[in-house]
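J.: For the sequence shown, the positions run 1 to 377 when UniProt numbering is used.
Keep in mind that the hints were calculated from the coordinates and are not lab data. Among the clues, some could well be false.
[Said to hold, decoys possible] Below, a list of computed lysine-lysine pairs in the DSSO-like style, where the Cα atoms sit at most 27 Å apart: (1) Lys253 - Lys313; (2) Lys253 - Lys238; (3) Lys253 - Lys317; (4) Lys317 - Lys238.
[As the list claims (entries may be wrong)] Pairwise CB distance ranges, derived in the manner of DEER restraints: (5) Ser188 - Ala327: 51 to 59 Å; (6) Ser241 - Glu361: 55 to 63 Å; (7) Ala222 - Pro348: 20 to 28 Å; (8) Gln359 - Gln336: 19 to 27 Å.
Quick reminder that beta carbons are idealized off the backbone N, C-alpha and C, glycines included.
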Amino acid sequence: MSNFQLALVITFGVILVLYIAYNTWSARRNEPKKPRPEEPGQSGDSELRYEPGFDGRAASAATGDPVLDAQLGGQGPRLSGHSADAFGAGAVARSGNPGTFLGDRQQILDPLTDAIATIHTDGIVSGNAAIAAMPSSFRAGNKAFNIEGLNETSQTWELPRAGARYTGFQAGVQLANRHGPMNEIEFSEFVTKVQQFADSIGAAYDTPDMLQEVARARELDAFASEHDAQLAFMLRAKRASWSPGYVAQVAAKHGFVPAGPGRMVMPSGIEQMPAILALTYDAQAALADDPEASALRDVLLSLDVPHVARSEKPFDKMRAAAEALCAEMDGVICDQNGTPLPIMVVDPIAQDLENLYDQLELRDLAAGSLAARRLFS
């Protein structure tokens, strides 16, 4: 073999080695980032990996709406109208048994957001009798329906409970929610439920005028449509994709807790209040047989504005969380179309939100209040 041929063989060998090395490096660089091994004494993957079933910690952190599931989503970081990304179940929710209630027994019905019927009793009615007379469904159409009793001892309205005694009742149906205003059919269903309950406990009842309540519902819905807001940032990987475990591990460092497959939330610092932020990603990836082999190119960071109290400064926390997550995971903040967002686009949102908060407070629907959480649900 001549020196020339030998040089060609050596050159070819070097190129082949470099090619293999580059492909190996490129494959490792672009494979989904995986969670780092836990240090001794730290919680293991079981803290971050979601398993199907009821997780009390996750549920309590993710909840807050006392009657209906809240809906969250929207297009990019803007003030938007009705959308459909589930934000969380209620902290004051009914169990599977009609008439059994969980959580705080605070008054729910509000003349501002409900059509209310008065139920007059001839004497004291036990909580057990009231529970037995409850309807099987607590909805009229897609509107929340509730019955409250006037507690003989405390003289306050509450959801009926066993062992208590009541001197009267009131029933209400929600005037509007994110599905729209209450209509005549839903009002008629409401009246039917009131009549059945009153007949069961031997009471009389007075219902409001249907046309007047439907008109109120439409006016309230018009206000809600103009003052509803959901914000969403898409956090997109710049280079290497992320595994679900990696996202969960990094998010946990920044205050998020598991709340379902492909979903984490930042809990509120106020008891019984809904989560401040939601971080969502592909649920199928989270439930895969080998989730660490799944590749996520983006996750969604969301804020349901009317559900979070102004005092918690939710947008500041949203922006800080987005920046921190992107910095650690090597991502970029985008709108929901995947277009990177410059700072000059994000900055004006804070002032828009302050104006929105002012308008909600003028209507006695302050963000984070029970009335606001029910209306924007």
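J.: Please go over all the hints and tell whether each is borne out by the structure.
T.: Quick rundown of the hints versus the structure:
1. Lys253 - Lys313: 20 Å, holds
2. Lys253 - Lys238: 21 Å, holds
3. Lys253 - Lys317: 14 Å, holds
4. Lys317 - Lys238: Measuring from Cα to Cα gives roughly 23 Å; hence the hint holds.
5. Ser188 - Ala327: 51 to 59 Å: The hint (51 to 59 Å, Cβ to Cβ) holds, given that Ser188 and Ala327 are roughly 56 Å apart.
6. Ser241 - Glu361: 55 to 63 Å: Since Ser241 and Glu361 have Cβ atoms about 43 Å apart, the given range 55 to 63 Å is violated.
7. Ala222 - Pro348: 20 to 28 Å: Holds, since Ala222 and Pro348 (Cβ atoms, about 25 Å apart) stay within the stated range.
8. Gln359 - Gln336: 19 to 27 Å: Holds, at about 25 Å.
Of the numbered hints given earlier, the model fails hint 6 alone.
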